[in-house]
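Take the given structure of chain V and dock chain E to it, following the hints.
If you read the sequences in order, they're chains V and E.
Counted from 1, the first sequence has number 65 at position 65 by the numbering used here; the numbering is strictly sequential.
Counted from 1, the second sequence has number 397 at position 397 by the numbering used here; the numbering is strictly sequential.
Warning: the hint list may mix true and false statements.
Result set (SDA-like, lysine to any residue): computed pairs, CA atoms no more than 25 Å apart in a straight line [as the list claims (entries may be wrong)]: (1) E:Lys7 with V:Thr2; (2) E:Lys35 with E:Leu55; (3) V:Lys43 with V:Lys26; (4) V:Lys32 with E:Phe38; (5) V:Lys26 with E:Glu19; (6) V:Lys60 with E:Ala380; (7) E:Lys35 with E:Asn72; (8) V:Lys20 with E:Phe38; (9) V:Lys32 with E:Glu33.
Hints are computed from structural coordinates only; laboratory data are not their basis.
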Amino acid sequence: MTNDFLKAFGLTIRDQIIMKNSVEIKGLGTFKAEHTSQQQERKGDGKLVMLPPKDSIEFKADMGE
Amino acid sequence: MLIDNEKFIALLADNSGIEKEKVEKYLEELISEMKASFDEGEGYEVEGFGIFSKLGSNILFIPSDELETEINYKYVGMEPIELPGGAQQQEPEAPEDEDENPIQGILDGGKTEETEEYEDPFAELFNEAEEHEKAIQEQAEKGDLSEEEIEAVVEEEIEREDTEEVIPEEPEQEEEPEEALEDTLKDIFGSDESEEESEEAEPEPEQKEESAPGPENWGIDAHKEEEQEGAFSGLLGDAEEEPELIDEDDIFATEDEIASEENVSEPEDEVSQEETVSEEENDEEIDFSALGDDDSEQDFDDPFDELIEEEDFVPVVTNVSSGKASKKEASEEKTEEDDSKTEKKSRTLKSPRDRKQSSPVFLYMILALILLGGTGYLLAYFGVVNIEGITPSSASTQIAQNSPPVTQPESTPPQTSEEEEQTVKEVPEVETSSESAVIETEENNGSYSNPESEITEEETPRNQENDIAPLVADEKAPGDGGIISPVNIQAEAEVYGLNGTATEAGNNGYTIVLYTLSRKSGADAQFEKLSKEGFRVIIKEKPSQEFGALYRVSIGQFESLADAAVAAEKVDSGILGNYIITKI
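Bound conformation, chain V alone:
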């Protein structure tokens, strides 16, 4: 296992997530893109804040192993 491999590992998953694909890795789990659209949120001090949209990466462990 080399550094190149690790880099490529991260990059590949990232690219697929950006493309809204989910990536399944046997024995590890599944990476999934989650989109959070913009939303309003009320802060503790009563201010109403519009949060920007956001993408996040979700990981679900492969529990079979």
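For chain E alone, kept in the frame of chain V given last:
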């Protein structure tokens, strides 16, 4: 789209350039390494990607900051925005996120809305009070409203009063009519305490409407003030108004009592007039109220009454409310309000008038300034006063002529003196402009053939086009004093010619100027180079106002301009480049 293990390995192989089998092997290694670290109770970090860690039986993945930002690249620069006015905008918060919305739902559905509803109106009250104070100050300072604006404002205000006073009464009437019916007698006598408490919340919705942000706020503040006074007095005065609704019923029920009460109450002018004038109207209204006990009808009555009231049909309103002294006070307040409005009108009307009166003064001042400017310009133009840039050049050139010679005529005297020695008559005439020179040379030297003159005519425009030409022409230095280059003193040498060495006698003629250089070294280099080519090279130092000293490199000495032009035609254009022919 799901990238399964196979596809992932293929992609990974592509991206890394590692063979597929090796990739599979590496991946297994990676996973086993992870598990090993998990077993040791540690997380496993893939650099630039994130941290895997085991929590219980689950594996958590915490993406690194880089990964997060890269994923969110398209949303870069979007930051949370604070929204104005919270409470009403909560509804559009459609639950989109599974994680956060439950919390929001709790917040929204629960206490926050209520508390905010209670909080906000008060805040607005305070804000408005401040706004009004400011508005009053501003108006006092500025008095900026024009007549039209005021009229518009007043109209708006009337509309507002209609709408606003109608709307807030609805809740009152929903709540209170029964109680009010019970307490009518008390109300008639003005014991409002019970209602005051319930009504405390009422002015607030009014002000909510008023506080709606808009361009109106600016102009209407002053009138808001009145309304607010009304609102505050509404804590007392509304209570007085409400019984009015009840009163009608009561009037319907017990006309006599009320009549007696009216008589008992202070016999003011209004009351007496109203009673006499509009008893019929009163009856009609009673009929209305009798037909339908609906509060809504009464609601509709009120605005009309107020409209009428505004139009000096005061008796109707006061008649309705004349059932008690307090109502009279209310009407008095209203009339006072009207008075104050009219006063305000008159007051505010004054200011624009003042302005209008003041505007001619400005006009006069502007006119005076223009006149002053014009006269000044004329004076300067005719030379009475000397102002740079305006006074015509004739005046200034007289001064300028003392400065170093720029114009050609000045350069002539020394040349002519020399030329007289040489007894060449045409030269001083020729010198001024090349074209005239050509013509004159043709006249004087009849020997020249037409084609040659054509050539010279062709060349002379070229000379004019030449960039250096004007510069050099202006710089025609007086005399030959500036010539640095060596001169052949031998008598045998030809006086004029393109080749050989320059002769002193030839310096009264013309030369083909190739360069005008700012450095002497460059001029010397050119001298050497051209001398090797066999040319008669003349370097002349010319004082320049702009560049200091300039060194003019020219070849040949010619008796006339035409000679120079003919010679120039024969010289290799590679050497000549852009040349001009001028006097030495």
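Here is how each hint holds up against the structure:
1. The straight-line distance between the Cα atoms of lysine 7 of chain E and threonine 2 of chain V is roughly 20 Å, inside the 25 Å bound, and the hint therefore holds.
2. With a C-alpha separation of about 12 Å, the suggested pairing of lysine 35 of chain E with leucine 55 of chain E holds against the 25 Å cut-off.
3. Among the hinted pairs, lysine 43 of chain V with lysine 26 of chain V is inconsistent with the structure: their alpha-carbon atoms are about 41 Å apart, more than 25 Å.
4. With a CA separation close to 22 Å, the supplied pair lysine 32 of chain V and phenylalanine 38 of chain E stays within the 25 Å bound.
5. For the hint pairing lysine 26 of chain V with glutamate 19 of chain E, the CA-to-CA distance comes to about 18 Å; that is within 25 Å, so the pair holds.
6. For the hint pairing lysine 60 of chain V with alanine 380 of chain E, the CA-to-CA distance comes to about 90 Å; that exceeds 25 Å, so the pair is violated.
7. Under the criterion of a C-alpha separation no larger than 25 Å, the hint pairing lysine 35 of chain E with asparagine 72 of chain E is inconsistent with the structure, at around 30 Å.
8. Taking the CA atoms of lysine 20 of chain V and phenylalanine 38 of chain E, the gap is near 29 Å; set against the 25 Å cutoff, the hint is violated.
9. Of the supplied pair hints, the one linking lysine 32 of chain V and glutamate 33 of chain E holds, its CA atoms being roughly 22 Å apart against a limit of 25 Å.
Hint compliance for this structure: hints 3, 6, 7 and 8 are broken, all remaining hints hold.
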